[in-house]
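Visitor: Now for the letters of each chain:
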Amino acid sequence: MRLRLISSGALPGALNMGTDEALISSVAEGTSPPTLRLYRWSPPCVTIGYFQSMEAEVDLAACASAKVDAVRRLTGGGAVFHDEEITYSLVAPLGHPLAPDDILESYRLICAGIVAGLGLLGAKASFVPINDIAVNGKKVSGNAQTRRRGCLLQHGTVLLGLDARRMFSVLRVPSEKLRGRPEPRAEGRVTSLRDVLEREVRFDEAARALAEGCSKAWDAELFPDRLTPTETAAAEVFGRTRFNTRAWNLRR
Amino acid sequence: MESGSIIKASVCGDFFAYPEDLFEAAEADLVGVPADRLGETALALFADQRMQIIGAEPEDIARALMEAADAAQAD
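Those sequence lines, one after another, are chains A and B.
Numbered by my numbering, the letters in the first sequence go through residues 1 to 252 in order.
Numbered by my numbering, the letters in the second sequence go through residues 1001 to 1075 in order.
One chain only, chain A, in its complex shape (with noise of 0.2 Å):
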């Protein structure tokens, strides 16, 4: 298979989630073949899950204070705090390869190329179903799918490094996610590259790997291009109409 290859950099929140939204509209539309995207995110933004509440997330007094974004996205799934990582997103039409109709299965199959990237820069990593990679049992890699217009779009982080202290100080933890677990501390579940490797990965290495990893698993050629204008011109109306917007954000 064939996947267009994307590096757009370091984006706001909201542009970053319409991008997303444009790949979707383009490969539905049939103007833009199957699209890998690999990003970043400029400045901090805590994302929440479709269906997740904003206000029982995010505290977003603290993320106005720490200019920190805070976006709903289109996937469901858990509130992630975007800061020192790579993010990429998968949009395919269904009955893809990497959207075949077993939902689970396609987590699997997609996440693959995810492991096999992170195997290049050394980390030993695993998928653990539903949605999660981790290395040494702790989460590396969230990751989060959506079926819309006859595409599937699977967007995912992997960190690169972690401030924990920051994270938790813009996002809600209910201390029930925390209660009886052997660890008091919930950033003892998740991991960074720096930790587990004791080195600093810098975003192009981790996007060389990233890209290689997939390529390989996924049994895909990956050709580098850019956003068309229509593209470019449909991330910034949705970033502006939707994800900026209070009554997207704060639907929930």
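It is worth saying that the hints were derived from the structure and are not from the lab.
Misleading hints may appear alongside valid ones.
To be verified - To give an idea of the interface, some chain B residues facing chain A are shown, with a C-beta separation under 8 Å as derived from the structure:
| id | residue |
| --- | --- |
| 1 | ALA1009 |
| 2 | GLY1013 |
| 3 | GLN1052 |
| 4 | ILE1054 |
Glycine included, every Cβ here is placed at the ideal spot set by N, Cα and C.
Starting from the known structure of chain A, fit chain B onto it as the hints suggest.
Guide: For chain B alone, coordinates are given in the frame of chain A:
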């Protein structure tokens, strides 16, 4: 809740539902349901075979809704 019936239901959490709009339709279908029928109605709606919920069971959702309704009625 109003006069013992649901006027709005919103199920929030860390889960996935496919397709999302069917889940939201199920929430909307709870409007007008009397509290004493909330559990069985929610169970039926969220067990809809056209929908796949990952990370939550229909029983969990029904229970959470009933607890919320009890709390709302106690206020």
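Visitor: Are the hints correct? Go through all of them and say.
Guide: Going down the list of hints, with the structure as the test:
Because the smallest distance between the Cβ of ALA1009 (chain B) and any Cβ of chain A comes to about 11 Å, over 8 Å, the interface hint for this residue is violated. Against a cut-off of 8 Å between C-beta atoms, the interface hint on GLY1013 (chain B) holds, since the closest Cβ of chain A lies about 6 Å away. Among the interface hints, the one on GLN1052 (chain B) holds; its C-beta lies about 6 Å from the nearest C-beta in chain A, closer than the 8 Å criterion. Interface hint status for ILE1054 (chain B): upheld, as the beta-carbon distance to the closest one in chain A is roughly 6 Å, under 8 Å.
Violation of the numbered hints given earlier is confined to hint 1; every other hint is satisfied by the structure.
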